[in-house]
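There are 2 protein chains.
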Amino acid sequence: LPHGDCALSRLLRRLLAARRSLEICLFAFSSPQLGRAVRLLHGRGVRVRVVTDAQYMGLRGSQIGLLRQAGIQVRHDQEGGYMHHKFAVVDGRVLITGSLNWTTQAIQNNRENVLVVEDAEYVKPFLDEFERIWEEYNPANYRFFP
Amino acid sequence: LPHGDCALSRLLRRLLAARRSLEICLFAFSSPQLGRAVRLLHGRGVRVRVVTDAQYMGLRGSQIGLLRQAGIQVRHDQEGGYMHHKFAVVDGRVLITGSLNWTTQAIQNNRENVLVVEDAEYVKPFLDEFERIWEEYNPANYRFFP
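As given, the protein sequences belong to chains L and R, one line each in that order. So the first sequence is numbered by this note's numbering: it starts at 1 and just counts up by one. So the second sequence is numbered by this note's numbering: it starts at 1 and just counts up by one.
In isolation and in its complexed conformation, chain L is listed as follows (with noise of 0.2 Å):
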């Protein structure tokens, strides 16, 4: 449960290790460092997917724009309530989780705790969740006129 600098750079350290896939499901993309770290993977072809909450995307300094700008591939939720994980699978086999938001203020000022899980017991129910979103977010079934 380091800080700072610490905990940002054994963020990456794991992100950039991804070779083949990456899951993002966040609550709050904020941290340039951590944007750019994902557009990367993406222009070195990894697939990236991302599911973000929708009261928050919007927000000034959400990097959820430049990752669509750049072709990731974003959904967000249609509902009241959040979309308050925190969670990313690198390779469908290493889980990054815990409390921490991907933003400055979490990574600087907040008391946070991050746990990267290999056992696939702990890592498929959040694999599980997050493709269980993703088809439920799918812009397909949006509705405009509930």
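Think of the hints as simulated: they come from the structure by calculation, not from any bench. Errors might be hidden in some of the hints.
[Claimed, not checked] Here are some of the chain L residues that sit facing chain R, going by a computed Cβ distance under 10 Å:
hint, residue
1, A17
2, D53
3, G65
4, V74
5, D77
6, E79
7, M83
8, H84
9, H85
10, T97
11, S99
12, N101
13, A106
14, R111
15, E129
[Unchecked claim] Label pairs and their computed distance ranges (CB to CB):
hint, chain 1, residue 1, chain 2, residue 2, range
16, R, E136, L, Q73, 37 to 45 Å
17, L, E131, R, R132, 35 to 43 Å
18, R, Y142, L, L66, 36 to 44 Å
19, L, R47, R, G43, 19 to 27 Å
20, L, Q73, R, N109, 21 to 29 Å
21, R, Q108, L, Q33, 33 to 41 Å
22, L, G71, R, R132, 19 to 27 Å
Source: prediction; values computed, not measured. Where a beta carbon is used, it is the ideal one built from N, C-alpha and C, also for glycine.
We have chain L already, so just place chain R on it with the hints.
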């Protein structure tokens, strides 16, 4: 990653299994059911310690006042950043962690995750962090005139 009442009853079951100690480290704690469970454990003689966020604990619906009224030790941060953790440790060996704050909104309406982990390798860093925060937030160390 179950929702609503199912998530709540699983969490309650894990908490109510406590026999000796319960450490709680939560950004937001406003669920009346979980508040009742924690007071019940305290009444049974389980050593309960709570760490929370100063900005959130005074909000309407917070359970922190009721916990203190019941005689439970609560400590909070004195920093600008958030105490953003959301974890609990039962009897020093079961870690409950994830994205979930203990609020009715989160339990009923949000997409959240809760991990229950018993491997000492994962539990120990959280227990260590709790003890570190517990000492750091000791009221004897408050600086009213910094």
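We went through each hint and held it up to the structure:
1. A17: Violated. Min distance 20 Å.
2. D53: Holds, about 9 Å.
3. G65: violated (22 Å)
4. V74: This hint is violated: L:V74 lies away from chain R, its Cβ roughly 16 Å from the closest one there, beyond 10 Å.
5. D77: holds (7 Å)
6. E79: holds (7 Å)
7. M83: holds (5 Å)
8. H84: Holds, about 4 Å.
9. H85: holds (5 Å)
10. T97: Holds - the Cβ of L:T97 comes within 10 Å of chain R, reaching about 7 Å at its closest.
11. S99: Holds, because the Cβ-Cβ distance from L:S99 to chain R comes to roughly 5 Å (cut-off 10 Å).
12. N101: Cβ of L:N101 sits 8 Å from chain R, so the hint holds.
13. A106: Holds, because the Cβ-Cβ distance from L:A106 to chain R comes to roughly 7 Å (cut-off 10 Å).
14. R111: holds (5 Å)
15. E129: holds (5 Å)
16. R:E136 x L:Q73: 37 to 45 Å: holds (42 Å)
17. L:E131 x R:R132: 35 to 43 Å: holds (37 Å)
18. R:Y142 x L:L66: 36 to 44 Å: holds (42 Å)
19. L:R47 x R:G43: 19 to 27 Å: Distance hint for L:R47, R:G43 is violated at roughly 52 Å.
20. L:Q73 x R:N109: 21 to 29 Å: Once the Cβ atoms are compared, 25 Å apart, the range 21 to 29 Å for R:N109 and L:Q73 holds.
21. R:Q108 x L:Q33: 33 to 41 Å: With a Cβ separation near 35 Å, R:Q108 and L:Q33 satisfy 33 to 41 Å, so the hint holds.
22. L:G71 x R:R132: 19 to 27 Å: violated (43 Å)
Violated hints, in rising order: 1, 3, 4, 19 and 22; the structure is consistent with all others.
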